[in-house]
Amino acid sequence: MKKYVLALLSIGVLIASCSKSEDDRFIDTKGLTIDSEEVLVQDFMWKAMNSWYFWQEDVPNLADDKFLDTEEGIQEYIDFLASESNPADFFDEKLSFSEDRFSFYSEDYTELTQALSGVSKSNGLEFGLVQFSDSDNIFGYVRYIIPNSDAAAKDISRGELFTKVNGNTLTTSNYIDLLFGDNDTYTLGMASIENNQVTENEKEVSLTKAEGLAENPVFLSKTFDINGEKIGYLVYNAFTNEYDEDLNNVFGNFKAANVQHLVLDLRYNPGGSVNTARLLSSMIYSTDTEEVFLKARYNGKYQSFLESRNVDLNDYFGDKTSEGTAINTLNLSKVYILATNSSASSSELVMNGLAPYIDVVHVGETTRGKNEFSVTMVDDKENDYIYNPTRINNINSKNKWAIQPLIGRNENADGFYDYTSGLVPDIDLEEDLANLGVLGDENEPLLARAIQEITGASSKRDFTVKIPAKIMTSSKMFTVLKDNMFLDKPLKLSSN
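Note that full-length UniProt numbering has the sequence shown beginning at 1, numbered continuously upward.
Just so you know, nobody snuck in bad clues.
Have a look at the derived ranges for each label pair, beta carbon to beta carbon:
#1 Asp177 with Thr33: 41 to 47 Å
#2 Gly300 with Glu204: 55 to 61 Å
#3 Ala82 with Val424: 42 to 48 Å
#4 Asp312 with Ile427: 35 to 41 Å
#5 Ser421 with Ser322: 29 to 35 Å
#6 Asp177 with Gly228: 50 to 56 Å
#7 Ser333 with Asp182: 47 to 53 Å
Cut-off 30 Å, straight-line C-alpha distance, at most; resulting in silico cross-link-like pairs (DSS-like, lysine-lysine):
#8 Lys320 with Lys255
#9 Lys301 with Lys66
#10 Lys320 with Lys222
#11 Lys460 with Lys334
Quick caveat, the hints were computed from the structure, so don't treat them as lab data.
Here a beta-carbon is modelled for each residue, glycine too, at the ideal position from N, C-alpha and C.
All chains should be built: construct the whole structure from the sequences, respecting the hints.
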């Protein structure tokens, strides 16, 4: 069963308009009308999932003929909704497909939709967690620090380790409460690596989470001139559409510097906006708006609805940002992408979407393997349950719940989508806890390996990993973004 954690929220989709004609309505809201507040949330969940869920046809409880629109059928429907009083358990146990790893829910849609701006409650410490091989104990290692955060003002940096929180040794059974619980302030007991062993030291660092921390995903960009090769390097940590202009500006700088090669660092990027993935791919490859970037596939019911209206289900490379700014494109024929098991959804979408057109050299580890996308759904049946910020007053005031179900799958221009086991690297190289390196330093192992591939220079450098960073989870998996890939362009309901 998937556990409900408020932090595991994502971002919704904007519908094209506040009202639609009946011809453009996808959901028939006339049937199975009930007047019971006790199952209000479950009623919303079932109707939204019955209409939109990607695996609707594979879940018997979501079958269109499960409940007849008769007095007896409606009573059976109400009894079914009341069979599980906890909406979270109802969603997990009654409505979800067994192979669905990513759909989730929130008790408060406001909490969920605030993630649209990339703002969260955080102390700014991004870390991975690793389990010791011979026990249930775990330790954390710092991946990076978010600028302008509490952690940025403290004596803690990338590559440092910790084994305790508030004096308690971290274990597989207590780390969630200690690191991601209600305690806004905690003290880390630090550690270091000595003789290839994690060893506790005397250092302690206290950190406090604060509301309203905004993380710009454009973390770092640099240009290197190595052996006559102009190399652009970008650390991009989330697909957050509010920062698309910043992203485009980086590519403008690369273009002005006559960059010939690009190393795109997505090693810590769990995903996000589908549209931002499309724009980033356009910045790398092309602004030809007639070339297909992805093909969207939905459940049989919605797919048939769209095809009957001759809707183009393809999404194309772009030539402008959402603000109307011309995209700065490098028109590359090859890109080097640093990606790991923490790279998911929209990160993988960029890699898969570019693959039919250019050579994508993947340095790192096998990625997470998430090719489905989701939308935010709320109790606004007149808008087909799709969240629209201009329709807040139309959401049922008695129901604050939201669901984030997977509603479709992305394929690239060649029709390839089968990477649920992850995208396998061309150059296999794990991060090394004994030598994590500094992001942006040309000697940092993953970047150095990509540069070596670009320049073709022979090197005596040994890339042997002494202590591989085999994470069990990371701080990003307990944030508003997690590893979701969400639509943030209007859903297509007609060919217009």
